[in-house]
Amino acid sequence: MENKSKAKELKDDFWKSKKLLVTTGKIADDIQGDSSESKGPTLKPSVTDLREWDMKLLKRYTPFYAPFCDMCCLCTYGKCDLTGGKKGACGIDIEAQQARIVLLACCIGSAAHGGHARHLLEYLIAEKGEDFPIDMGTNIDIEAPIMRVVIGKKPRNLGDLKEALDYLEEQMVHLLSACHTGQEGKSIDFESKALHAGLMDDLGKEIGDLAQIAALSMPKGEDAPLVELGLGTINQEKPVILCIGHNVAPGASIIDYLEDHGLDDDVEVCGICCAAIDITRYKPGAKVIGPLSKQLKFVRSGVADVVVVDEQCVRTDVLEEARKNKAAVIATTDKICLGLPDLTGVNTDKIVKKLVNDEIEGALILDPDKVGEVSTRVARQIAEERKSLKKLPDLQEIQEMAKECTECGWCVRVCPNNQPMMEAVTGAAEGDFSKFIELYKYDVCYTCGRCEQECEVNLPLISMLTKVGEHYVKDEKFNIRAGRGPVQDVEIRRVGAPIVLGDIPGVIAFVGCSNYPEGGEDVAKMAEEFLERNYIVVTSGCGAMSVGEYRDGDGKTLYEKYSGDFDAKGLVNVGSCVSNAHIPGACIKIANIFAKKPLEGNFEEIADYILNRVGACGVAWGAYSQKAAAIATGVNRWGIPVVVGPHGTKYRRLFLGRADKPENWKINDLRTGEVVQGEPAPEHLLYAAENREEATVMIAKLCIRHTDTPKGRQIKLNHYLDIHKKYFGILPEDVYKFVRNEKDIPITYKKEVTNILEEVGWEPRALPQEPSLMKFREEKASDKGDSNE
Amino acid sequence: MNERVIPWQPTVIAGPKQALLVTPETAEMMIVKAKRPLIVVGPLINDNPAQVLVSKIAEKWNIPIVSTGDAFKSLTEAGVPSKSYGLVEIVNLLKDPEWKGVSGEGNHDLVLFIGVIYYMGSQGLSTLKHFAPHLKTLTLCKFFHSNADASFPNMKDEEWLKYLEMLAKVD
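Protein sequences, first through last, are from chains F and R.
The numbering of the first sequence is my numbering, which starts it at 263 and goes up by one.
The numbering of the second sequence is my numbering, which starts it at 113 and goes up by one.
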């Protein structure tokens, strides 16, 4: 940070001066680290510094809007009706309003990760000190690829991360302010800002994960152990502490307290959502209950004696739900206080006494270390008394309840996926619980609870589902590979070339939440499809857990079957939501390590490289949150396409290409200085698929890139054709768009593809040697000349 | 309120503009009036009796079919020709007045939807409601779609299939 002071007048025996300005700052070497690379043009980019790059993306991948609401209700002029081309009282039109809401969503998501990173960093600095080193081991030199590009800094210790967070927070204020009435007016500029918010999201995630990896000794890209997953892994005879959310600090403190007091074997510590993943990265003995979709089910089950919530994706009625079975609730961050008394400064014995005696419903404790002690002591003291609450009711009881159903059908209508809850209930009334079990498995019903809100006879539908499910599948045990954090530089050296040349057909990342249209099994099946085909499959967050809840034909989980290497046929769980930063991080490293592109301040060149050469594709099949919106938008700015599930259309905006317009796919060949006809690769930047089958085909297609060698293109096309034939019965009509010359045609489909090429009058075309959306050098020089004039 | 015209998923209500409730007779009038109609068929009617009726409607009025999701395979196996697009892709094309349509003769002026996932279909219909003033939308599902220009009401299967039969009936 720079400090300035201005003295009005300085008088001394040997010096006299007026209006003397003294500036002190950090030593340059400290700011820039030990990097000797030259700096690019966009260090700490402002809101508009990368606008030119955004416009290139948005020209090719035009925003597609699907308004969720016809009106704007953000100010007191409104509500304003924006249908039929009408503008609101402030002058905004429906396109700009959609883009404004998208920006708002991305700001919320990015703020959640940035706030999370701030919490973690402040806590870890308080625990370990600013000088605590960021040492990622001998296999990682580029410890913070996003930070290197955006901030231009190699962080040496925890304190160095503060500068990046300060920058992020400044940008977020500007971005959020653009959502105010009477600020930005064009959809395209709202989108550019949303992309910037996405970039800030990437930065926040990287800071958060880097801090916790370094300070809490989480895996540093090395092979991580398998950890237990599933309700059946919990020993209900022991006291159970459940952590929900994303911030590892409270969970880590609980584990520390147990270890320090020799209680590791006496208490079960488990988690839901990313808190689960991160506590197992901290200590593999902790257990993962599962993704977000398990939340209400598990809390209602009564198994947890103490529920510890931190931040993000926690049900806002968690206190009410936990209290239904007398579990104690401890809130641990300023984001979620739940109306509970702040007992942070109160003596631990007193807090424990109040909770055990049920004098208070729960407590807000903003000191993670205190949370560790209180939650453990409370769980141990109330577990015995709560044992009766964990017992399953007789199925007969559920059958009697089910007989109350009036068959109005509204439980089905209000279900986000119109799942057949009524059928499950009417079946149960007859003693047939099979439909309930179908809804329970793979979280086909993800227990949002909207059906209960609507039930005219107030049936506790989720509790009924939970209890039926537990009777039949409560002993199910799975596993997941603990989040390993970043991809190592040595791995990038090994796979960089095969990825860029196409020998490895793609890197596919299954990320995000569990708002699945038909349960988590779809995610696992997609992962399995691509693993069998030699793709690198990356997972994180709820997606990683859904993959773990599936067994193949041999009864193995995919984590048991495939290695955790970042290589063909590798299944790499990077970790929690914040670990998603390592996915664009790996792509950035490919540009740097394999292609020698400088990092510092060089965003556009890096993103251009990734867009045109790195066959990566994100899949957020159950994306529901504003964080997921920010995550997708963030990787989009780096040039990585994303496929979302059908619910993703509710985000209101996609980025779609037009493959039917060849002029949209012209590309600069920086090697020859010529503009050449390119191909729709990748065809879309943000795409929503209706079902798994469509998504699988699209994912394979979105891994095609300009720089595939003929061999690489054959491999990629072979998978695309194969998968298309599997799910659509025929070869894709558009295959000719991806055949540059005869050498690209997969041998197994030679005859059929040749027929298609002949039908459409296909002609071979030149391959760009250095495909790019960036300007030619002469254009840049000319622009510079213009600006100098 | 008449339950038949509350959107099937009630919370998709987007604002003041609601679909017109139509009978098979009114739907037929809309088709007759259209110059270049199109049917978009989603995967929810894969292997459903409605699939056969849709193919009869297409045959009767000589309307091309676009299949979304993985409906192409099911339609092909039932002997019904279609052109495959992602739902968001076809909606993106339809909103472009310059697009030449699936037959290359110009964009369509009436698009009939059936079998698309309800909430996703609702989003696509919203896109067309706002950004495609050059065409009308009509939904033939058994669910009321408030974002369409015209929609069948919420119905049980039996009544719905009768609606489709009436529309498919050759005079």
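No lab work stands behind these hints: they were computed from the structure.
One should not assume that every hint holds.
[To be verified] Capping the alpha-carbon separation at 30 Å, the derived lysine-lysine pairs in DSS-like fashion look like this:
#1 F:318 to R:207
#2 R:212 to F:923
#3 F:923 to R:207
So, going through the hints one by one against the coordinates:
1. F:318 to R:207: holds, 22 Å
2. R:212 to F:923: Holds: residue 212 of chain R and residue 923 of chain F sit about 12 Å apart, inside 30 Å.
3. F:923 to R:207: holds, 15 Å
Comparing the model with each numbered hint stated earlier shows that all of them hold.
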